[in-house]
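Asks: Between the sequences and the hints, there should be enough to build the whole structure, so can you do that?
Read top to bottom, the protein sequences are chains A and B. This note's numbering numbers the first residue of the first sequence as 210 and each following residue consecutively. This note's numbering numbers the first residue of the second sequence as 210 and each following residue consecutively.
Fair warning: there could be bad hints in the mix.
As the list makes no split between identical chains, a pair holds if one copy fits it or if it spans any two.
To be verified - Derived pair list, reagent style DSS-like, types lysine-lysine, alpha-carbon separation capped at 25 angstroms:
hint, residue 1, residue 2
1, K231, K322
2, K322, K247
3, K310, K233
4, K233, K285
5, K233, K262
6, K256, K233
7, K231, K310
Just so you know, the hints here were simulated from the structure itself, not pulled from any lab data. These numbers come from a predicted model, not from an experiment.
2 protein chains.
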Amino acid sequence: MWRKELHPVVAMGTFNHYVIVKFKDGVAVDDLIQGLEKMVFGIDHVKSFEWGKDIESHDMLRQGFTHAFLMTFNGKEEFNAFQTHPNHLEFSGVFSPAIEKIVVLDFPSNLVKAPA
Amino acid sequence: MWRKELHPVVAMGTFNHYVIVKFKDGVAVDDLIQGLEKMVFGIDHVKSFEWGKDIESHDMLRQGFTHAFLMTFNGKEEFNAFQTHPNHLEFSGVFSPAIEKIVVLDFPSNLVKAPA
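Replies: As structure tokens, this is what we get:
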């Protein structure tokens with residue numbers, strides 16, 4: 210097992226919620242993202258939140274998706290509480306109609322290399 | 210601008226590289242991920258690396274994708290150095306043939322809510 214020899218500290222990280230989207234044409238994306246940020250700040254269960262707009266990936270790899278959103282939680286129970294939080298449900302009603310396509314992945318993170 | 214009132218510290222974070230994949234049937238995924246971890250530890254430009262296997266998202270939202278990989282870099286120049294690093298290019302030759310479908314997004318991260 211090279212893993213144990215090289216880095217014995219492979220650790221479980223947070224519970225992560227990744228959302229990759231392409232918005233419909235004509236959507237006011239900046240307003241939506243501001244709404245998303247506001248929603249996140251109103252829900253303590255969300256440990257961290259970052260997002261970005263792709264500037265670099267090749268078209269073939271990006272496949273039309275433009276934005277990535279990442280939230281982290283201190284475990285699955287906190288994530289579950291977020292999923293059913295009234296503010297989240299309310300915001301989903303605004304967010305969902307703006308989406309042309311989406312991929313969502315929810316998983317316990319394996320933190321292999323931690324920021325120095 | 211509610212943003213400034215609510216949280217004036219919206220900050221630029223790292224440069225992020227997100228890879229979402231579905232592996233081909235029969236692929237030895239654990240071996241591939243060990244190879245990926247080894248590659249990451251051999252390239253100092255990679256600031257952090259975490260990954261996970263979806264356990265929770267609805268089929269409709271997951272869309273067949275199973276794994277997410279996230280690397281962060283201290284800026285785009287570090288990311289560029291990673292992209293052309295010999296170890297990365299060598300590993301891509303192993304990784305790419307194992308992929309059934311993939312989405313890649315590369316972007317400067319907007320860190321809205323930082324881990325406490």
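Asks: Given identical chains, is K231 near K310, meaning Cα to Cα at most 25 angstroms, within a copy, between copies, both, or neither?
Replies: both (5 angstroms within a copy, 17 angstroms between copies)
Asks: At 25 angstroms max between alpha carbons, let me know whether K231 reaches K322 within a copy, between copies, both or neither.
Replies: Result: close only across copies, 23 angstroms inter versus 30 angstroms intra.
Asks: Are the CA atoms of K233 and K262 at most 25 angstroms apart within a copy, between copies, both, or neither?
Replies: Only inside one copy: K233 and K262 sit 15 angstroms apart there, 28 angstroms across copies, limit 25 angstroms.
Asks: For K233 and K285, with the copy left unspecified, which applies at a CA distance of at most 25 angstroms: within, between, both, or neither?
Replies: neither (31 angstroms within a copy, 28 angstroms between copies)
Asks: Regarding K256 and K233, is the shortest C-alpha distance of 25 angstroms or less found within a copy, between copies, in both, or in neither?
Replies: neither (29 angstroms within a copy, 34 angstroms between copies)
Asks: For K310 and K233, with the copy left unspecified, which applies at a CA distance of at most 25 angstroms: within, between, both, or neither?
Replies: both (8 angstroms within a copy, 23 angstroms between copies)
Asks: Since the copies are identical, ignore which copy is meant and state whether K322 and K247 lie within 25 angstroms (CA to CA) inside a copy, between copies, both or neither.
Replies: For K322 and K247, only the inter-copy Cα distance (10 angstroms) is at most 25 angstroms; the intra-copy one is 30 angstroms.
In terms of the numbered hints stated before, the structure departs from hints 4 and 6, listed from lowest to highest.
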